[in-house]
Amino acid sequence: EPEVTQTPSHQVTQMGQEVILRCVPISNHLYFYWYRQILGQKVEFLVSFYNNEISEKSEIFDDQFSVERPDGSNFTLKIRSTKLEDSAMYFCASRVDRLANQPQHFGDGTRLSIL
Amino acid sequence: SQQGEEDPQALSIQEGENATMNCSYKTSINNLQWYRQNSGRGLVHLILIRSNEREKHSGRLRVTLDTSKKSSSLLITASRAADTASYFCATASNQAGTALIFGKGTTLSVSS
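Residue numbers (this note's numbering), protein chains in the order written: chain A, 5 to 119; chain B, -8 to 103.
It is worth saying that the hints were derived from the structure and are not from the lab. Among these hints, one or two may not hold up.
[What the hints assert, rightly or not] In silico DSS-like cross-links for lysine-lysine, where the CA-CA straight-line distance does not exceed 27 Å:
id: 1; chain 1: B; residue 1: Lys61; chain 2: A; residue 2: Lys87
id: 2; chain 1: A; residue 1: Lys46; chain 2: B; residue 2: Lys47
id: 3; chain 1: A; residue 1: Lys82; chain 2: B; residue 2: Lys61
id: 4; chain 1: B; residue 1: Lys47; chain 2: B; residue 2: Lys95
id: 5; chain 1: B; residue 1: Lys17; chain 2: B; residue 2: Lys60
id: 6; chain 1: A; residue 1: Lys61; chain 2: A; residue 2: Lys87
id: 7; chain 1: B; residue 1: Lys47; chain 2: A; residue 2: Lys61
id: 8; chain 1: B; residue 1: Lys61; chain 2: A; residue 2: Lys61
[Claimed, not checked] Where chain A lies over chain B, by a calculated footprint (3+ residues, C-beta under 8 Å):
id: 9; region: 24 to 37
id: 10; region: 48 to 54
[Claimed, not checked] Distance ranges between label pairs, derived from CB positions:
id: 11; chain 1: A; residue 1: Ile64; chain 2: B; residue 2: Asp(-2); range: 20 to 28 Å
id: 12; chain 1: A; residue 1: Met19; chain 2: B; residue 2: Ser30; range: 24 to 32 Å
id: 13; chain 1: B; residue 1: Asp57; chain 2: A; residue 2: Ile24; range: 38 to 46 Å
id: 14; chain 1: A; residue 1: Val16; chain 2: B; residue 2: Ser102; range: 30 to 38 Å
id: 15; chain 1: B; residue 1: Thr11; chain 2: A; residue 2: Glu22; range: 26 to 34 Å
From a predicted model like this one, the values you see are computed outputs, not experimental measurements. A virtual CB, placed ideally from N, CA and C, is assigned to each residue, including glycine.
Work out the full structure, taking the sequences as your base and the hints as a guide.
See below:
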């Protein structure tokens, strides 16, 4: 069964450094998402991406965050200058199309630890 | 903002018993989805129920939706040790956006 893959599984970065998290969505999916889950808290929506542009973003997704689909397969989340509070699990998800009532399929996540 | 809130926060049962988890939300929805998360892993989609549906089954899973009460329940019948995980409800609004709003989840422990 096709799946969403994320790399790396664990990323340790010094505060203030840039970090790029990578995702390969399911190949025929058109809608892509990033979510994060701070330890012990809810999964929170960050951003959705469709047709090569941001479709929605949350208040968390400020100027320090950006997303990109650099080629036909990868979908990346960049944090420009990481802060301690960026430490979390980051999940990528994809969805087949824009139609309502379609599930999102999640990757296993990248655990980001900011020191 | 709409929220899915599950209860109980934690549930411990024996293998073979049924597990029921509840979810409440605040605003109008297109659909409500249930996900499972094993420790340290990603979210696995279990079942989606549309706002015009009242009940849905998938294997040992039964989901109900009461839009008048803005609540849903997930029933796992004849539980197994492998069902041990956290379970989250997530709502998708009936506006243009497709972002999922997750609840805090119920941690289910099934002992053999």
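Right, here's what the structure says about each hint:
1. B:Lys61 <-> A:Lys87: This hinted pair is violated, its Cα atoms lying about 37 Å apart.
2. A:Lys46 <-> B:Lys47: Distance of about 25 Å is within 27 Å: holds.
3. A:Lys82 <-> B:Lys61: 36 Å, violated
4. B:Lys47 <-> B:Lys95: 22 Å, holds
5. B:Lys17 <-> B:Lys60: Between B:Lys17 and B:Lys60 the Cα gap is close to 9 Å, so the pair holds against 27 Å.
6. A:Lys61 <-> A:Lys87: Given pair A:Lys61, A:Lys87 holds - Cα atoms ~19 Å apart, limit 27 Å.
7. B:Lys47 <-> A:Lys61: Between B:Lys47 and A:Lys61 the Cα gap is close to 31 Å, so the pair fails against 27 Å, i.e. violated.
8. B:Lys61 <-> A:Lys61: Distance ~25 Å between B:Lys61 and A:Lys61 Cα, so the pair holds.
9. 24 to 37: holds (count 7)
10. 48 to 54: violated (count 0)
11. A:Ile64 <-> B:Asp(-2): 20 to 28 Å: 25 Å, holds
12. A:Met19 <-> B:Ser30: 24 to 32 Å: Because 27 Å falls inside the window, the suggested range holds.
13. B:Asp57 <-> A:Ile24: 38 to 46 Å: 43 Å, holds
14. A:Val16 <-> B:Ser102: 30 to 38 Å: 35 Å, holds
15. B:Thr11 <-> A:Glu22: 26 to 34 Å: 45 Å, violated
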